[in-house]
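Number of protein chains: 2
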Amino acid sequence: MKQSDIFTKTSNVFPKDEVSTNARLLIKAGYIEKLMAGVYTYLYFGWRVIKKIENIIREEMDQIGGQEIFMPALQPKSLWDQTGRWSDLREIMYQFDDRSDHQIGLATTHEEVITDIIKKHIKSYKDLPKYIYQIQNKYRNEPRAKSGLIRGREFLMKDLYSFHADENDLDNYYEIVKKSYLNIFKRCGLKVFVIEASGGAFTKKFSHEFTVLSPAGEDRVILCSKCDFAQNQEISGEKEGDKCPKCSAPLKFDKGIEVGNIFKLGTRFSKEQKAFFTDLNGELKPIVMASYGIGLGRLMGTIVEIYHDEKGIIWPDEVAPFKYHLLVLGQSEKTLDLAKSVYDTCLKNKVEILYDDRKVHPGQKLNDSDLLGIPNRLVVSDKNDSKIELKKRSEKSVKLYPAREIIKIASS
Amino acid sequence: MKQSDIFTKTSNVFPKDEVSTNARLLIKAGYIEKLMAGVYTYLYFGWRVIKKIENIIREEMDQIGGQEIFMPALQPKSLWDQTGRWSDLREIMYQFDDRSDHQIGLATTHEEVITDIIKKHIKSYKDLPKYIYQIQNKYRNEPRAKSGLIRGREFLMKDLYSFHADENDLDNYYEIVKKSYLNIFKRCGLKVFVIEASGGAFTKKFSHEFTVLSPAGEDRVILCSKCDFAQNQEISGEKEGDKCPKCSAPLKFDKGIEVGNIFKLGTRFSKEQKAFFTDLNGELKPIVMASYGIGLGRLMGTIVEIYHDEKGIIWPDEVAPFKYHLLVLGQSEKTLDLAKSVYDTCLKNKVEILYDDRKVHPGQKLNDSDLLGIPNRLVVSDKNDSKIELKKRSEKSVKLYPAREIIKIASS
Numbered sequence: 001m002k003q004s005d006i007f008t009k010t011s012n013v014f015p016k017d018e019v020s021t022n023a024r025l026l027i028k029a030g031y032i033e034k035l036m037a038g039v040y041t042y043l044y045f046g047w048r049v050i051k052k053i054e055n056i057i058r059e060e061m062d063q064i065g066g067q068e069i070f071m072p073a074l075q076p077k078s079l080w081d082q083t084g085r086w087s088d089l090r091e092i093m094y095q096f097d098d099r100s101d102h103q104i105g106l107a108t109t110h111e112e113v114i115t116d117i118i119k120k121h122i123k124s125y126k127d128l129p130k131y132i133y134q135i136q137n138k139y140r141n142e143p144r145a146k147s148g149l150i151r152g153r154e155f156l157m158k159d160l161y162s163f164h165a166d167e168n169d170l171d172n173y174y175e176i177v178k179k180s181y182l183n184i185f186k187r188c189g190l191k192v193f194v195i196e197a198s199g200g201a202f203t204k205k206f207s208h209e210f211t212v213l214s215p216a217g218e219d220r221v222i223l224c225s226k227c228d229f230a231q232n233q234e235i236s237g238e239k240e241g242d243k244c245p246k247c248s249a250p251l252k253f254d255k256g257i258e259v260g261n262i263f264k265l266g267t268r269f270s271k272e273q274k275a276f277f278t279d280l281n282g283e284l285k286p287i288v289m290a291s292y293g294i295g296l297g298r299l300m301g302t303i304v305e306i307y308h309d310e311k312g313i314i315w316p317d318e319v320a321p322f323k324y325h326l327l328v329l330g331q332s333e334k335t336l337d338l339a340k341s342v343y344d345t346c347l348k349n350k351v352e353i354l355y356d357d358r359k360v361h362p363g364q365k366l367n368d369s370d371l372l373g374i375p376n377r378l379v380v381s382d383k384n385d386s387k388i389e390l391k392k393r394s395e396k397s398v399k400l401y402p403a404r405e406i407i408k409i410a411s412s
Numbered sequence: 001m002k003q004s005d006i007f008t009k010t011s012n013v014f015p016k017d018e019v020s021t022n023a024r025l026l027i028k029a030g031y032i033e034k035l036m037a038g039v040y041t042y043l044y045f046g047w048r049v050i051k052k053i054e055n056i057i058r059e060e061m062d063q064i065g066g067q068e069i070f071m072p073a074l075q076p077k078s079l080w081d082q083t084g085r086w087s088d089l090r091e092i093m094y095q096f097d098d099r100s101d102h103q104i105g106l107a108t109t110h111e112e113v114i115t116d117i118i119k120k121h122i123k124s125y126k127d128l129p130k131y132i133y134q135i136q137n138k139y140r141n142e143p144r145a146k147s148g149l150i151r152g153r154e155f156l157m158k159d160l161y162s163f164h165a166d167e168n169d170l171d172n173y174y175e176i177v178k179k180s181y182l183n184i185f186k187r188c189g190l191k192v193f194v195i196e197a198s199g200g201a202f203t204k205k206f207s208h209e210f211t212v213l214s215p216a217g218e219d220r221v222i223l224c225s226k227c228d229f230a231q232n233q234e235i236s237g238e239k240e241g242d243k244c245p246k247c248s249a250p251l252k253f254d255k256g257i258e259v260g261n262i263f264k265l266g267t268r269f270s271k272e273q274k275a276f277f278t279d280l281n282g283e284l285k286p287i288v289m290a291s292y293g294i295g296l297g298r299l300m301g302t303i304v305e306i307y308h309d310e311k312g313i314i315w316p317d318e319v320a321p322f323k324y325h326l327l328v329l330g331q332s333e334k335t336l337d338l339a340k341s342v343y344d345t346c347l348k349n350k351v352e353i354l355y356d357d358r359k360v361h362p363g364q365k366l367n368d369s370d371l372l373g374i375p376n377r378l379v380v381s382d383k384n385d386s387k388i389e390l391k392k393r394s395e396k397s398v399k400l401y402p403a404r405e406i407i408k409i410a411s412s
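Protein chains in written order, with the numbering used here: chain R, 1 to 412; chain U, 1 to 412.
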């Protein structure tokens with residue numbers, strides 16, 4: 001893609017009305033645009049990052065047997081009344097009337113809808129287990145949304161739901177999803193901790209949160225320095241100065257961003273919504289369920305919180321909007337021809353390359369390149385004769401290569 | 001994909017609360033599920049069809065320079081007040097208060113948001129033209145939604161917006177989009193007519209609708225039997241019995257489904273929202289705009305209205321959820337082995353194949369296959385020795401082939 005064709009521009013200044021690092025950098029670089037508090041448009045570059053994240057998640061969900069569907073955001077009150085959550089969630093769910101004076105809610109989550117669907121299709125133990133997911137917008141009536149993409153009022157979520165004949169089968173799949181989640185976050189460049197958190201009012205078991213340590217985090221987490229003890233402070237009795245209850249080593253208290261969560265629902269929804277199946281002995285039993293969420297925008301915001309410096313963003317390879325950023329500095333015909341030929345050859349070899357062909361000052365090109373944070377920068381310049389500079393955004397060193405070798409590296 | 005793994009089931013009966021052919025067939029076959037009037041979940045098969053349509057549209061939009069973004073559904077009243085459409089659209093827009101008592105509307109369309117975005121990025125004639133699109137849910141407070149996917153209250157749309165320095169440049173691009181739309185509908189298997197319709201209150205020019213003739217249509221269209229005269233009756237003075245005003249040939253009056261529309265907005269939004277650019281002479285001018293829509297769900301519903309028979313759906317190749325439907329009839333080891341080997345080889349060759357491995361009556365498999373409407377049916381049966389039946393869903397004739405030849409045909 002030629003940079004001169006892209007409709008967005010970087011800005012010289014940070015947005016005035018944003019306090020979070022992720023929103024400040026992403027808006028300055030032209031990845032996103034704020035429409036109102038907690039509501040953002042993904043612009044060209046930002047949507048490319050989301051698509052990268054979406055593809056990683058889709059690949060991993062398909063890998064563990066997930067079947068993709070797409071559920072509505074508009075949902076009838078009558079369905080939410082079956083579980084009592086119409087009134088339980090009144091504070092955070094947008095609720096309003098339609099023209100026929102039926103009450104409608106905007107989806108904060110989809111347990112009620114998916115349970116309503118599967119009870120029409122799952123009748124016997126032979127139909128179990130099943131794994132169903134979607135990637136879709138959710139809505140939350142947040143009073144204070146100041147964390148950029150990390151806490152939105154409208155936000156993209158992947159939610160997976162699993163359906164089982166018994167707890168044992170659920171427990172097995174729960175561990176499979178845990179591994180799948182660790183893959184996803186690793187591919188996104190993030191180091192996550194699996195944190196025990198509250199299982200909710202209906203179970204004594206823990207749920208698990210996948211948490212990235214960051215000063216931008218809103219959760220207080222307690223980690224052991226030696227063993228795998230890791231809890232959200234909301235469920236933990238531990239206080240600063242206490243020793244690990246498992247191994248007596250010192251505990252660390254940290255702030256974390258929850259980028260995913262997994263949750264054993266058990267039979268809560270299936271009982272209340274009457275989603276039963278016939279077991280091997282012909283008995284009617286409630287389906288055993290779990291749900292598993294990842295926020296795509298939140299993940300993107302978290303990556304920026306972790307991967308940036310004073311100059312801009314530093315995207316991990318797999319989620320970067322482009323792999324290579326080619327800058328042409330100088331106006332000599334020889335330099336322009338060399339840049340053009342590198343660009344054309346990369347396109348032919350299907351290398352994801354952004355070509356800064358704009359007629360602006362070299363300093364602006366270099367600054368914008370650091371701000372955009374594409375992992376590999378190529379510079380073709382009057383000064384370098386016919387050699388090309390390669391610099392990783394995450395490193396300081398610059399190396400010069402002949403054009404042919406650059407093509408080879410980029411296409412590998 | 002093995003059919004026994006898919007969580008949806010076909011139904012023996014049509015849904016009781018649906019009158020439209022598309023919803024009746026799509027629900028019976030397990031493509032979609034109704035949540036409430038005009039609001040549907042896309043199930044596994046249905047979402048595959050939508051993804052096929054989405055990919056066709058994305059390819060064609062990228063081909064004509066479109067840059068993809070993703071705008072929010074939640075929109076502030078203040079923005080819609082700039083164009084007066086908050087009150088103009090009050091009847092069909094879901095409008096409600098958030099927790100800070102700000103008024104919010106659910107997007108019926110995105111002209112206001114996109115204009116607000118581009119005015120921050122487009123400053124000079126050098127930044128023009130630009131083409132920006134998204135694929136996203138839109139919302140309409142419909143009082144009567146009885147047409148299945150053809151008229152939803154929540155519906156997937158592709159909307160493209162183009163921005164130009166002058167009318168002439170807009171006119172050129174408008175024709176380019178027209179051709180692109182004809183490509184899209186052709187790839188979806190549809191014969192469309194380009195119909196002149198009202199340009200709205202701000203222009204004397206026509207807009208254009210892309211219309212498929214069908215008894216399920218809600219629009220009355222007037223076509224000439226000889227020339228390209230084609231108008232929506234809402235703008236036409238012609239009555240039954242009148243001759244074509246262009247060539248005096250007889251006119252036909254028909255019902256049509258509008259599957260797309262293109263619309264010259266001119267400077268209406270840019271003037272009202274102050275989206276100006278500096279032209280070659282340094283003068284400040286309003287950006288000239290157009291918008292271009294296609295409803296993805298409506299397109300899917302229309303395809304079903306056109307392509308079905310008394311047994312079920314008949315998907316055109318490019319939008320079918322799978323290309324091949326492999327049925328194994330009989331339980332002999334030889335037959336099962338042959339089916340398995342055809343399936344495995346197809347998977348290896350990346351053929352999109354659905355394998356009906358269920359332990360159900362052959363009659364049910366054949367009925368379900370006709371209902372699902374996958375374009376090519378392969379039958380491996382005890383009766384056929386080691387040959388395999390190939391039948392197109394759209395044709396009556398059946399041919400027998402050796403397995404090796406079937407693999408060759410499917411992989412080509």
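Do not take every clue at face value.
It does not matter which identical chain is meant; a pair holds if it fits inside one copy or across any two.
[As the list claims (entries may be wrong)] No farther apart than 20 Å at their CA atoms in a straight line, the calculated lysine to any residue pairs in the SDA-like style are these: (1) LYS126 to ASP357; (2) LYS179 to ASP370; (3) LYS348 to GLN63; (4) LYS178 to TRP86; (5) LYS226 to LYS239; (6) LYS126 to PRO250.
In short, the hints are calculated from the structure, not lab data.
Going down the list of hints, with the structure as the test:
With identical chains, the CA atoms of LYS126 and ASP357 are at most 20 Å apart between copies only, with a shortest distance of 14 Å across copies and 60 Å within one. Proximity of LYS179 to ASP370 under the C-alpha cut-off of 20 Å is found in neither arrangement, the shortest distances being 34 Å within a copy and 40 Å between copies. Taking the shortest Cα distances, LYS348 and GLN63 sit within 20 Å of each other only across copies (16 Å), while inside one copy they are farther apart (30 Å). Taking the shortest alpha-carbon separations for LYS178 and TRP86, neither the intra-copy value of 30 Å nor the inter-copy value of 46 Å comes in at or below 20 Å.
In this homomeric assembly, LYS226 and LYS239 come within 20 Å of each other (Cα to Cα) only inside a single copy, at 17 Å, whereas the closest approach across copies is 85 Å. In the homo-oligomer, the alpha carbons of LYS126 and PRO250 never lie at most 20 Å apart, since the shortest distance is 49 Å inside one protomer and 61 Å across protomers.
When the structure is compared with the earlier hints, violations turn up for hints 2, 4, 6 and for no others.
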